[in-house]
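J.: When you line the sequence shown up against my numbering, it's residues 2 to 173, in that order.
Please keep in mind that the hints were generated in silico from the structure rather than gathered at the bench.
Computed from a predicted structure; not experimentally measured.
We put the CB at the ideal spot given by N, CA and C, even for glycine.
Misleading hints may appear alongside valid ones.
What the hints assert, rightly or not - Between beta-carbon pairs, the in silico distance windows are:
#: 1; residue 1: A21; residue 2: G63; range: 23 to 33 Å
#: 2; residue 1: G124; residue 2: E60; range: 17 to 27 Å
#: 3; residue 1: D160; residue 2: S74; range: 37 to 47 Å
#: 4; residue 1: V52; residue 2: R149; range: 27 to 37 Å
#: 5; residue 1: E34; residue 2: I76; range: 21 to 31 Å
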Amino acid sequence: MIVLETERLRLRWLRADDAAFMFELVTDPSWIEFIGDRGMKTHEEARAYIVEKYVADYERHGFGLYAVELKESGIPVGICGLIKREGLEDVDVGFAFLPRYTGLGYAGESAAAVLAHGREALGIGRVVAITTPNNVRSIRVLEKVGLRFEGLIRLPGDDEELALYAHEPGRE
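Turn these sequences into a full structure, and let the hints guide you.
T.: So this is what it looks like as structure tokens:
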């Protein structure tokens with residue numbers, strides 16, 4: 002299901018047949034460094050991950066992380082969307098892109114569209130984001146789309162300190 006479109010991108014629900022793309026994304030060294038190792042070893046595990054995590058979020062919350070694909074070719078280049086994460090009071094915006102598609106503005110374009118969609122279509126006011134404090138590229142994207150640093154937090158069951166950013170309509 003297509004959720005929204007931007008000038009260059011289409012954001013749609015992830016599907017089980019996105020397994021090869023998802024496997025490539027979550028086994029990339031930058032994903033492992035900044036998001037975490039999912040221990041994924043096969044495309045079948047990627048397929049199950051999509052169904053159990055992302056499709057379940059669409060059914061449970063009506064939103065989640067979406068495949069970001071190039072409008073012209075339909076090639077998936079990353080994921081971006083809204084997450085209701087345990088340990089955070091607010092909805093969280095998240096994104097990750099295959100390395101060959103970073104630095105092209107896709108993260109900012111899709112994150113801005115997701116924030117607008119959350120506000121306008123879903124009625125979500127405050128949206129937050131978390132990232133490791135050393136993830137400079139993600140921090141630049143978050144600041145570019147209007148999120149501001151609020152402090153450091155730890156999620157339940159996690160020893161790692163994360164930077165918390167927030168976006169509130171009217172506080173741009």
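J.: So which hints don't hold here, by number, going up?
T.: none
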